[in-house]
Amino acid sequence: MDTTGIDARLRVDYAGFSLDVDLRLPGRGVTALYGHSGSGKTTFLRCVAGLASEGKGYLSVNGQVWLDTASGVRVPTHRRALGYVFQEASLFPHLDVLRNLEYGRKRVPAAERRVQLDEAVQLLGIGHLLQRLPAGLSGGERQRVGMARALLTSPRLLLMDEPLASLDQARKQEILPYLERLHAELDIPVLYVSHAPLEVARLADHLVLLENGRALASGPIADMLARPDLPLALDDDASVVVAGTVAGFDAAYRLLAIRLPGGQACLRVVHAGLPEGRPARVAVRARDVSLALAPVRDSSIVNIIPACVRNVAPAGHPDHVLVSLDADGAPLLARITRYSRDQLGLAPGMRVWAQIKAVSVLG
Amino acid sequence: MHLDSSDFAAIWLTLQLATLTTLLLLLIGTPVAWWLSRTRSRWKGPIGAVVALPLVLPPTVLGFYLLVAMGPQGPVGQLTQALGLGVLPFTFAGLVVGSVIYSLPFVVQPLQNAFESIGVRPLEAAATLRASPWDCFFTVVLPLARPGFVTAAILGFAHTVGEFGVVLMIGGNIEGRTRVVSVQIYDHVEALEYAQAHWLAGGMVVFSFVVLLLLYTRRRAAPLW
Amino acid sequence: MNAFSVVAGLAALALSAGAPAAEVQVAVAANFTAPMQALSQAFEQDTGHRAVAAYGATGQFYAQIRHGAPFEVFLAADQERPARLEAEGRIVPGSRFTYAVGSLVLWSAQPGLVDDRGAVLTQNGFRHLAIANPKAAPYGAAAMQVLHKLGLAPAVESRIVEGQSIAQAYQFVASGNAELGFLALSQVYKDGKLTAGSAWVVPAALHEPIRQDAVILDRGVNNPAARAFVDYLKSPRAADIIRSFGYEVAAP
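Same order as they appear, the protein sequences are chains A, B and C.
Residue numbers for the first sequence follow this note's numbering, beginning at 1 and rising by one.
Residue numbers for the second sequence follow this note's numbering, beginning at 364 and rising by one.
Residue numbers for the third sequence follow this note's numbering, beginning at 589 and rising by one.
Derived by calculation from the structure, the hints in this document are not laboratory data.
Warning: the hint list may mix true and false statements.
Here are some chain B residues the structure puts well away from chain A; computed CB gaps all over 12 Å [unchecked claim]: (1) Leu378; (2) Arg405; (3) Gly411; (4) Val413; (5) Glu479; (6) Ile481; (7) Gly482; (8) Glu487; (9) Leu505; (10) Ala516; (11) Ala554; (12) Leu575.
Covered, in the sense of this in silico footprint (three residues per stretch, anywhere, with C-beta under 8 Å from a C-beta of chain B), are these stretches of chain A [unchecked claim]: (13) 147–154; (14) 302–311.
Derived DMTMM-like pairs: lysine to aspartate or glutamate, alpha-carbon spacing no greater than 25 Å straight-line [unchecked claim]: (15) Lys778/C to Asp806/C; (16) Lys778/C to Glu632/C; (17) Lys172/A to Asp96/A; (18) Lys822/C to Glu668/C; (19) Lys723/C to Glu674/C; (20) Lys781/C to Glu668/C; (21) Lys172/A to Asp118/A; (22) Lys822/C to Glu674/C; (23) Lys778/C to Asp634/C; (24) Lys357/A to Asp319/A; (25) Lys106/A to Asp187/A; (26) Lys172/A to Asp187/A; (27) Lys822/C to Asp779/C; (28) Lys407/B to Glu54/A; (29) Lys407/B to Asp13/A; (30) Lys172/A to Asp205/A; (31) Lys56/A to Glu487/B; (32) Lys723/C to Asp370/B; (33) Lys357/A to Asp326/A; (34) Lys106/A to Asp498/B; (35) Lys723/C to Asp498/B; (36) Lys106/A to Glu88/A; (37) Lys723/C to Glu487/B; (38) Lys781/C to Asp828/C; (39) Lys737/C to Glu538/B; (40) Lys106/A to Glu538/B.
These numbers were taken from a predicted model, which means no experiment stands behind them.
Every residue, glycine too, gets a C-beta built ideally from N, C-alpha and C.
With the hints as extra help, turn the sequences into a complete structure.
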């Protein structure tokens, strides 16, 4: 399968708002489109889908050119091999779940169907809902059916527009694992629009940051989250995501050891056991990281890791700074006071010890 | 019962007229209503107003202009004569044309409302699921607009049955061809045949009530028009 | 001159004009429209009273009058309806009289189509023949009588179209939708001659006389203008006007 990537040079002009982006996105994995409401994320997604008729420019997805205004090429939505999950499911009210699922599938030539009905049903756990009408489903169930329906068109690109936004916490927690499973088991590139940092942290491989219709930055998630100059980092909840591998499990204390990308150090966190060698993502909040010039002994903090200071930059708060570090291959952020920076005399290149008070395993 | 063969002929003629008119209106009205519900062109207002004209024009005005236009000197009349069809006044076909114009808004407006209330999201969803615009129209729009079609058909039919002014102007009162029930009642009154007038008029009241009852009890069950 | 003498002078002027001017509501058969308009004008000029006319089908007026329509004088197109009203006691007793005798004409908007003997009816040069509804209008009934008398009814029957009133029959012919029509002479006759098209004035012998009766309805019993109008209709001046539109005036 062609994975050359997504080339999106798009422009949309509405009264009072315009979108103007020039992006190269990976042709596989989950790319998150992150930004506040009004930043243009949904506009971009609709433009990629061909639903915004005012969109101009150039768009090619893994070798397929869907839009080329200069040459007069505009592939209509129904001929683009994409799947779209709307914010509120939008199931057809006059069809039961099974017929909703089959709607798209029927319209894809048999030779191109790669996703099977029971596969999608299993993946999203909706087997017991097939005879029901959409009106008889809960919000979470509707979203899962919507996702399965989009998948069943065997799309080359899956577009998801804040699929969890209209759900409550409990439903969100219920569906996120399905999304992660989707990501892990199907090889379909996903564009995922969201303004929720946690979803982005759990799912994204690549992140595009949008503001006012422009792309501020685009890059792999770990790098993006660790950049102190981006608004992401200025959030109180600024976190980094570290991609590590499971190194071992202490059953007596239920401590899971996760090896950092560099291969030397491990982070240990209380968690259920996971098979060794399995990839594991963890999130570390900047405010949970403190720094010391020498390793502290006899401390309750379990994770004390050698790191190298890369940069010191202003934080959102005038009396704080953000220190970006490289800890055995994992980019980390630490939020400390200006006072401490001056006391410790922190400067790029210095070797320090990062004390990580809390680590959360993402999956 | 005091009804005679000419009364039954009038009833049968009226039913034929109403049925044919309703079918034609559903055929013509659907694309018009669809266009009106989707378009953002600046012609939407004027065309919507033209469609709604028969709602406010006195039927005799409509009938009068039809008489002139369809007559041998009028534009429509000249066209029909050139096509070898003669002229339309005094013919059943002429009544059908008049009825289609007269009942147009009663069919187009419910359809337009039904299409509008579907919104744009189901159409977008269908497109993302590989349905072409025609496919989408038949598999998503029509089923969702079905209550609107029922309303349009019922209103169009009932309205044509009740038509009087237009028929009066262009019909010529020919039994079996243009003498519909409403005119037949009028004739009975003119000729002082009150018993027959009562039977026919009473029958029409009952018919109209039943039709409207059907329409209104259905409405509660199907909120989408 | 002081203010008092001005007022006194004006008052004297007003009083000398005779009885105060009144209005009368008249229901008029459609075929008599043109003569009625001329008569109203003359009536007002000569007497100062106003006649307010409504034009329509005789049968309709009859039904409305029976149910309380506010007319005070009724000029019908036949004798039957006024006679019924008389029998039902709805008129001022003794007020019924024939105000005009109608003439039937076979007319076409096309000059030269109708010959002066009505032979056009025997040919196939027409697709539609318009008449007023025979059940409702005496001119329509008279038209059918003429056709039967001439033995033409079977041949012509399929081409007959009916207007609800003589006015509508006229409309069918004037618009060209019907090439021929049996109409009231007054509709196409003014100042003693044809206004347009071609015509055959049907000899009175071919049909029952179309005697048109008028009555004062009981609503108008106390209205001086009602009595004045009916009297005016019988006057020589009115007779002239009525005849100029192609009617005969009944012998008093």
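Structure-based check of each hint:
1. Leu378: Check passes; 32 Å lies beyond 12 Å.
2. Arg405: holds (17 Å)
3. Gly411: holds (23 Å)
4. Val413: Holds, because the least Cβ-Cβ distance between Val413/B and chain A comes to about 27 Å, which exceeds 12 Å.
5. Glu479: For Glu479/B, whose nearest Cβ neighbour in chain A is about 16 Å away, the distance exceeds 12 Å, so it holds.
6. Ile481: violated (10 Å)
7. Gly482: violated (10 Å)
8. Glu487: Non-interface label fails for Glu487/B: nearest chain A Cβ at 5 Å, not farther than 12 Å.
9. Leu505: Given that some Cβ of chain A is not farther than 12 Å from that of Leu505/B, nearest at about 10 Å, it is violated.
10. Ala516: holds (19 Å)
11. Ala554: holds (53 Å)
12. Leu575: holds (26 Å)
13. 147–154: Coverage by chain B holds for the segment 147–154 of chain A (3 residues, Cβ < 8 Å).
14. 302–311: violated (count 0)
15. Lys778/C to Asp806/C: Violated. Lys778/C to Asp806/C sits at ~34 Å, over the 25 Å cutoff.
16. Lys778/C to Glu632/C: This hinted pair holds, its Cα atoms lying about 21 Å apart.
17. Lys172/A to Asp96/A: Holds, at roughly 24 Å.
18. Lys822/C to Glu668/C: Within the cut-off at roughly 21 Å; holds.
19. Lys723/C to Glu674/C: holds (21 Å)
20. Lys781/C to Glu668/C: violated (30 Å)
21. Lys172/A to Asp118/A: holds (23 Å)
22. Lys822/C to Glu674/C: With Cα atoms ~20 Å apart, Lys822/C and Glu674/C stay inside 25 Å; holds.
23. Lys778/C to Asp634/C: The given pair, whose Cα atoms are some 22 Å apart, holds under the 25 Å limit.
24. Lys357/A to Asp319/A: holds (21 Å)
25. Lys106/A to Asp187/A: Holds - the C-alpha atoms of Asp187/A and Lys106/A are around 21 Å apart, at most 25 Å.
26. Lys172/A to Asp187/A: The hint holds at about 23 Å.
27. Lys822/C to Asp779/C: Holds, at about 20 Å.
28. Lys407/B to Glu54/A: Satisfied, since the Cα-Cα distance of roughly 20 Å is no more than 25 Å.
29. Lys407/B to Asp13/A: The hint holds at about 24 Å.
30. Lys172/A to Asp205/A: Between Lys172/A and Asp205/A the Cα gap is close to 20 Å, so the pair holds against 25 Å.
31. Lys56/A to Glu487/B: holds (19 Å)
32. Lys723/C to Asp370/B: Roughly 15 Å between the alpha carbons, so the hint for Lys723/C and Asp370/B holds.
33. Lys357/A to Asp326/A: Between Lys357/A and Asp326/A the Cα gap is close to 17 Å, so the pair holds against 25 Å.
34. Lys106/A to Asp498/B: holds (12 Å)
35. Lys723/C to Asp498/B: Violated, at about 57 Å.
36. Lys106/A to Glu88/A: The given pair, whose Cα atoms are some 23 Å apart, holds under the 25 Å limit.
37. Lys723/C to Glu487/B: violated (62 Å)
38. Lys781/C to Asp828/C: At roughly 14 Å apart (the allowed maximum being 25 Å), Asp828/C and Lys781/C satisfy the hint.
39. Lys737/C to Glu538/B: holds (23 Å)
40. Lys106/A to Glu538/B: Roughly 55 Å between the alpha carbons, so the hint for Lys106/A and Glu538/B is violated.
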